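Asks: In case you want the letters, here they are:
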Amino acid sequence: GENVEQHPSTLSVQEGDSAVIKCTYSDSASNYFPWYKQELGKGPQLIIDIRSNVGEKKDQRIAVTLNKTAKHFSLHITETQPEDSAVYFCAADYSSASKIIFGSGTRLSIRP
Amino acid sequence: ETGVTQTPRHLVMGMTNKKSLKCEQHLGHNAMYWYKQSAKKPLELMFVYNFKEQTENNSVPSRFSPECPNSSHLFLHLHTLQPEDSALYLCASSQGAGDSYEQYFGPGTRLTVT
Chain A
7 GENVEQHPST
17 LSVQEGDSAV
27 IKCTYSDSAS
37 NYFPWYKQEL
47 GKGPQLIIDI
57 RSNVGEKKDQ
67 RIAVTLNKTA
77 KHFSLHITET
87 QPEDSAVYFC
97 AADYSSASKI
107 IFGSGTRLSI
117 RP
Chain B
5 ETGVTQTPRH
15 LVMGMTNKKS
25 LKCEQHLGHN
35 AMYWYKQSAK
45 KPLELMFVYN
55 FKEQTENNSV
65 PSRFSPECPN
75 SSHLFLHLHT
85 LQPEDSALYL
95 CASSQGAGDS
105 YEQYFGPGTR
115 LTVT
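Chains as they are written, first to last, in the working numbering: chain A, 7 to 118; chain B, 5 to 118.
Just chain A, same shape as in the assembly (with noise of 0.2 Å):
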């Protein structure tokens, strides 16, 4: 079946630096790659997502790559900010069975 891992499971940067997170995917199928935000006592909420038709995809400071041969996809934070502290999950669609496999989560923490 699907799998989505994900990496680091925790990441520390520097308020203003950038903060890269890592996943990769096993269904070469998969065609839809979301990102979730979850902060502290929230469920998960979407902040960016991406098909498989496009490389890349900006959102002010938040952009994702795929890399549909190599099935990578990243997220990228740049300027980063103490709001930005959270746990965030990629997912990606398992579309023999019509849902959406979650990695494990990345834990970032942004120091002053």
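To be clear, the hints were calculated from the coordinates, so they are not data collected in a lab.
These numbers were taken from a predicted model, which means no experiment stands behind them.
There is no bait here: all hints are sound.
Here are the simulated DSBU-like cross-link-like pairs (lysine-lysine), alpha carbons at most 30 Å apart as the crow flies:
| # | chain 1 | residue 1 | chain 2 | residue 2 |
| --- | --- | --- | --- | --- |
| 1 | B | Lys-45 | A | Lys-64 |
| 2 | A | Lys-28 | B | Lys-44 |
| 3 | A | Lys-105 | B | Lys-56 |
| 4 | A | Lys-105 | B | Lys-45 |
| 5 | A | Lys-48 | B | Lys-56 |
Mind docking chain B on chain A? Use the hints.
Replies: Below, chain B alone, put in the same frame as chain A:
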């Protein structure tokens, strides 16, 4: 707020108790989900309902029993749970039950089984 509410937010129950978790979505969505979130593990999909019909049961033990009376409400009935069932239970909804719809999550119910 995401438009998905869950009650209670915290629940402590013994292994012989019966309790229910409630989820309500105010988004007009047709699909609803239950997920289990344990520490250091990926979100585990438990059940999917689309137009009130269950379309996915991810090999969940029978001590978890879902109920979807309409497209806006979803329940998870719990009985004779085990300590390893302690986790955050998240409800989500989406416009459709396909694999490329954005899912909107509630804040979760933190369950502790003693």
